[in-house]
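Asks: Sequence:
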Amino acid sequence: MKKFILVIMFFLLLSMTGCIDPSVDYISFELKPGIDTVELQEDYIDPGATAYYGFKKLEVITVINEVDTSRVGVYDIVYQVTYKDLTQTWVRKVTVVDETPPTITLNPGIDTILIGETWVDQGVTVSDLSQLDVTVTVTGQVASAVGRYEITYQATDYYGNMSELVRIVYVIDPQ
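The opening residue of the sequence shown carries number 693 in my numbering; numbering runs sequentially from there.
Hints listed in this document are in silico derivations from the structure and should not be mistaken for laboratory results.
Please read these numbers as outputs of a predicted model, since none were measured by experiment.
All C-beta atoms in this analysis are idealised placements derived from N, C-alpha and C, irrespective of residue type, glycine included.
There is no bait here: all hints are sound.
So the derived label-pair ranges between C-beta atoms look like this:
1) 723 x 852: 26 to 34 angstroms
2) 740 x 717: 20 to 28 angstroms
3) 757 x 812: 46 to 54 angstroms
4) 852 x 806: 37 to 45 angstroms
5) 798 x 852: 21 to 29 angstroms
6) 829 x 865: 29 to 37 angstroms
7) 728 x 815: 38 to 46 angstroms
Computed cross-link-like contacts, BS3-like style, restricted to lysine-lysine with a CA-CA straight-line distance of at most 30 angstroms:
8) 749 x 724
9) 749 x 785
10) 785 x 748
11) 776 x 724
12) 749 x 776
13) 724 x 785
14) 776 x 748
15) 724 x 748
Please take these sequences and the hints and turn them into a complete structure.
Replies: The following block contains the structure:
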């Protein structure tokens, strides 16, 4: 009997919704789950949103999608729903981040020299997803004595991501 009464009340509520003035308060909206933080230069796929007026599913349109994964920042995706004369919008925030360190590549060079010769550092080539300036710090030196020497290149991008590479230089005695 309780189930029967609940069913009747449910149908009464449904029939009454057509008798009352539409209100944005009856629009329920949900952002579909998805990733809202994306790495620089990666593809971003908008998961979209759903909306209902009571039990009636509404069409959700995207009116603004300014996500630009080629630049770090916070971007808006604006969704809009219209039901009768009612229009409502919602915003999803998408954050583009750079958490990838720069890439360092050794330039070719002569890294084994004879004692008494001068070693010439051919340096490194550095690239970064952000296309912004990268600071390269070089530490270490090659002495005039026989031995193995390390030259360390440390690259830091605009967002603080860091990578490091070591060049080994040998000074040998030909005798």
